[in-house]
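K.L.:
If you want the building blocks of each chain, they are given just below.
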Amino acid sequence: MDPKRDAHEIELLERCLCRLEQGADLETCLREVPEAIPLRPLLETALWLQRGQEVALSPAARRRLIRQGQLRAARRAAAPQASRPALRWGWALVAALGLILVLLSAVGAAEASLPGEPLYPVKRAVEGLVTLGMSPEERALYLAERRWSEFEASAARGRWLPDLAEESLARLEEAARLGAEGPAGPAARLRALYERQGVLLEEAAAVAPPDVRSALTRARQRWAGLAPVLGRPEGGIPEPTRAVETPVLPEPTAEILRERTHTPPGLEKRETPSAPRTPPGQEKTPPGQEKKETPRPVRTPPGQEKKDTPGPPRGQDSAPPGDQGPKGPPGRRR
Amino acid sequence: MGLLTPHPEERRWIARARKGDPEAIAALYQHYADGVYRYLLYRVGDAELAEDLTADVFLKMIEDLPRYEERGLPFGAWLFRIARARLIDHWRRQGRRPLVALEDTETGPQLSQDIPEDEIAVSEMIQRALRVLTEEQREVVVLRFLVGMSLEEVARAMGKSVGAVKALQHRALSALARYLEKVR
Chain D
1 MDPKRDAHEI ELLERCLCRL EQGADLETCL REVPEAIPLR PLLETALWLQ
51 RGQEVALSPA ARRRLIRQGQ LRAARRAAAP QASRPALRWG WALVAALGLI
101 LVLLSAVGAA EASLPGEPLY PVKRAVEGLV TLGMSPEERA LYLAERRWSE
151 FEASAARGRW LPDLAEESLA RLEEAARLGA EGPAGPAARL RALYERQGVL
201 LEEAAAVAPP DVRSALTRAR QRWAGLAPVL GRPEGGIPEP TRAVETPVLP
251 EPTAEILRER THTPPGLEKR ETPSAPRTPP GQEKTPPGQE KKETPRPVRT
301 PPGQEKKDTP GPPRGQDSAP PGDQGPKGPP GRRR
Chain Y
1 MGLLTPHPEE RRWIARARKG DPEAIAALYQ HYADGVYRYL LYRVGDAELA
51 EDLTADVFLK MIEDLPRYEE RGLPFGAWLF RIARARLIDH WRRQGRRPLV
101 ALEDTETGPQ LSQDIPEDEI AVSEMIQRAL RVLTEEQREV VVLRFLVGMS
151 LEEVARAMGK SVGAVKALQH RALSALARYL EKVR
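Protein chains in written order, with the UniProt record's numbering: chain D, 1 to 334; chain Y, 1 to 184.
Note that these hints are calculated values from the structure, not bench results. Ideal Cβ positions, reconstructed from N, Cα and C, are used throughout, including at glycine. Treat the hints with care, since some could be wrong.
Said to hold, decoys possible - For lysine-lysine, the following DSBU-like pairs were computed, each having C-alpha atoms within a straight-line distance of at most 35 Å:
#: 1; chain 1: Y; residue 1: Lys160; chain 2: Y; residue 2: Lys182
#: 2; chain 1: Y; residue 1: Lys182; chain 2: D; residue 2: Lys4
#: 3; chain 1: Y; residue 1: Lys182; chain 2: Y; residue 2: Lys60
#: 4; chain 1: Y; residue 1: Lys60; chain 2: Y; residue 2: Lys19
#: 5; chain 1: D; residue 1: Lys4; chain 2: Y; residue 2: Lys60
Stated by the list, open to error - One side of the interface only, derived from the structure: several residues of chain Y facing chain D at Cβ under 10 Å:
#: 6; residue: Tyr37
#: 7; residue: Ile88
#: 8; residue: Asp89
#: 9; residue: Trp91
#: 10; residue: Ser123
#: 11; residue: Ala157
#: 12; residue: Met158
#: 13; residue: Gly159
#: 14; residue: Ser174
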C-alpha cells in the first residue's frame, strides 16, 4: 500500500467521523467530502458500532449498584472519623519506635567497635553527643579513657594502633591540665588511667611488630613526659624494654599468685576509690619499679591489691623459686 | 453521553458525595454508570461480570473520593482510570485475556436477562465482531465508538499519539467492515 495514500485516507476518515459525530448523516458527509466515497463501508461500520452505545445497565442493576454505593458511603461516613487519623498516628508511632529500636541497636553494636570497623564512625558520633553536656576536663578524661580502652581491646587482638595511644595521651594531658585542681574522683581516674597506660605502653614497646614499634615508643616517651603534670608513676618511669629481651614466660604458679596479693611497700595507704580495674593480663609492676630484676616480679597496680587477684590458699605453693608470672603477648593472655 | 462528558452539577455532587450524601452519590452513578458499564461489557464480553466490575469501580470511587482532586484530570477520566485498573486487575487474576477465540463464538457472549432484545442483538453482534480485532484496535474501537470518547481522549487514555490512534482506528474499521461484509 502507498503510505501517502494511506495517510490521506486516514485523514479523510477522521474528517468524516467528526462530521458524523456533529450530527451530519452519511450521505451529506459523502456529498461534502466526495473523496471519501470509497470509505463508505468504514463509515457505515462506525455508525453501526455507535448503536452499541445504546446498551446500558438495566434499571434493576442500576438501582442495585446505587444502593450498594450509598450503603458503602453511609458506612464510611458513620465510621469514627477519628479512627483513621488515629490509625495513621498509630502507624507513625510504630514506625518511630521501630526506628528508635534500630538506632539503639546500631548504637549498642557500635559501642564495641574499633577503628576501621563499619560502626566506628557511629560510635564517635554518639560520643560527640554524649560529651556535649560535660565540662571540658570531664570530656577530655572521658575520651582519654575510651581511646585507651580501644587501644587495649585492639592490642588484645594483636592490632597495635599507636594513633589511639597518642589520642588517649593527648586527652589525658588535656584533662590533667584542665582539671589539676579538680575533685578527688576525676583526679583518681586520671591517675588510674595514667598507670594503665604505662603498663601497656611498656609492654607494647617490647612486643609490638616492628612497623608500629617506633610509633609506640614515641607514645611511651610522651607518656613519660606527662610525669611532671601527673606526678611520677609508682616506681618511677621505666626504661623501655627491648623486644629481644622479652621472654615468653610460663603460666603463673601458686607462688606468684600469692605474691600478687601482697601490697608493695609504700602503696598500702594510697586511696584510689574509683580506679578502674586493671585489665586482665596487666597485673604486673607499674613501670620502672622492678626493671632491674630479671625476670620481673608481677605486681598489682595501686588500689587493686585486695580485690582483683585472690591468692591461692597458703601452703599450696609448689612452684620453684624464680618462676614468673605470664609475660606473653597481651592478646594471648586476655 | 460519553464517559468523559462532565455534568454542570458535577462539582457539587462530588463535594456532597465526599460527605456521604446519598443523593449526590446516586447522581454520580446515574451520570457515569452506563459509560463505565459499556466499556467493561465490551472489554470482557460478559454482562454479569461487567456489572460486578462496574460495582467494584464505583465502590472504589467512593473509597477514593476524599483523595480526588481536580488537577487537570476530569472526574470522568479519573473514573475511567479506576475502571481500566480494575479491568487489568481482573485479567491478571484470571491469568488470561477476556474474550474467547473466534471459533468459540457460536454460543455467543453472555448477556444479562433484563436487557431489551434489540439491544442484546446489537451488543452480541458487536462483541462477536470485536473478536476479529487486535487488542489495541479493540481498545480504540471501544473507547471511540462505544464509550464515546474523542480522538484526543482515546490517545490520552491509551498513552499514544493522536496519529497512532487514527491509524489504529482506520485499520480496525477496515477489518470490521470486511468481517461484516462476510457475515451479512
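K.L.:
Does Lys60 (chain Y) sit within 35 Å of Lys182 (chain Y), going by the straight-line distance between their CA atoms?
P.N.:
Outside the cut-off at roughly 42 Å; violated.
K.L.:
Should the hint that Trp91 (chain Y) touches chain D count as held when the rule is a Cβ pair under 10 Å?
P.N.:
For Trp91 (chain Y), the interface hint is violated, since the closest Cβ of chain D sits about 21 Å away, which is over 10 Å.
K.L.:
Per the CB criterion, is Tyr37 (chain Y) less than 10 Å away from chain D?
P.N.:
holds (5 Å)
K.L.:
With a cut-off of 35 Å on the C-alpha distance, tell me whether Lys4 (chain D) and Lys60 (chain Y) pass.
P.N.:
Violated, because 46 Å separates the two Cα atoms, which is more than 35 Å.
K.L.:
Take the C-alpha atoms of Lys60 (chain Y) and Lys19 (chain Y), compute the straight-line distance between them, and say whether it is at most 35 Å.
P.N.:
Between Lys60 (chain Y) and Lys19 (chain Y) the Cα gap is close to 15 Å, so the pair holds against 35 Å.
K.L.:
So if I understand the rule, the pair passes when the alpha-carbon distance is 35 Å or less; does Lys160 (chain Y) with Lys182 (chain Y) pass?
P.N.:
This hinted pair holds, its Cα atoms lying about 31 Å apart.
K.L.:
For the restraint on Ser123 (chain Y), tell me whether the closest CB of chain D is nearer than 10 Å.
P.N.:
holds (5 Å)
K.L.:
With chain D as the partner, please determine if Asp89 (chain Y) meets the hint condition of a C-beta pair closer than 10 Å.
P.N.:
Violated. Min distance 19 Å.
K.L.:
Closer than 10 Å between Cβ atoms is the bar; does Ile88 (chain Y) clear it against chain D? Give me holds or violated.
P.N.:
violated (21 Å)
K.L.:
Close enough to count: is the Cβ of Ser174 (chain Y) nearer than 10 Å to one in chain D?
P.N.:
OK, holds: Ser174 (chain Y) within 10 Å of chain D, min 6 Å.
K.L.:
Answer holds if the nearest beta-carbon of chain D is closer than 10 Å to that of Ala157 (chain Y); otherwise answer violated.
P.N.:
violated (17 Å)
K.L.:
Regarding the pair Lys182 (chain Y) and Lys4 (chain D), is the alpha-carbon distance no greater than 35 Å?
P.N.:
OK: Lys182 (chain Y) and Lys4 (chain D) at ~28 Å, within 35 Å.
When the structure is compared with the earlier hints, violations turn up for hints 3, 5, 7, 8, 9, 11, 12, 13 and for no others.
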